[in-house]
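Enquirer: Sequence:
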Amino acid sequence: MLVADERLAATAPAERDAYRDHLRGGHGFDAHFADLIAAVQRTERHSFNQPAGFWVAEAPGFRSL
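The numbering of the sequence shown is numbering that gives the first Met the number 0, which starts it at 0 and goes up by one.
No lab work stands behind these hints, which were simulated from the structure alone. Each residue gets a CB set at the ideal place from its N, CA and C atoms; glycine is no exception. Careful, some of the hints might be misleading.
The calculated label-pair distances, taken between Cβ atoms and stated as ranges, are [to be verified]: (1) 38 x 5: 13 to 23 Å; (2) 54 x 12: 14 to 24 Å; (3) 25 x 0: 37 to 47 Å; (4) 5 x 36: 17 to 27 Å; (5) 6 x 36: 28 to 38 Å; (6) 33 x 12: 30 to 40 Å.
When you get a sec, could you build the whole thing from the sequences and use the hints?
Expert: Dropping the structure here:
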């Protein structure tokens, strides 16, 4: 049996579309792409550890950057 949790992939749909459009347009992994990915990550963080979002747990021995 395969179990998949798609909640993270469902966050930031507009931001994800923007970076995919950027790549489809042939612009590649440039500075603007980095900005677009950062926007996805910022939006994802709003869903962290929220009742309607998903929970992020820290693993023992893991050090945050």
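Enquirer: Indicate, hint by hint, whether the structure satisfies it.
Expert: Consistency of the hints with the structure:
1. 38 x 5: 13 to 23 Å: Taking Cβ atoms as reference, residue 38 and residue 5 lie about 20 Å apart, which means the hint holds.
2. 54 x 12: 14 to 24 Å: Given a distance of about 21 Å, which is inside 14 to 24 Å, the answer is holds.
3. 25 x 0: 37 to 47 Å: Holds - the Cβ-Cβ distance for residue 25 and residue 0, about 40 Å, lies within 37 to 47 Å.
4. 5 x 36: 17 to 27 Å: Taking Cβ atoms as reference, residue 5 and residue 36 lie about 19 Å apart, which means the hint holds.
5. 6 x 36: 28 to 38 Å: Cβ of residue 6 to Cβ of residue 36: about 19 Å, so the range 28 to 38 Å is violated.
6. 33 x 12: 30 to 40 Å: Between residue 33 and residue 12, where Cβ atoms are some 20 Å apart, the hint is violated.
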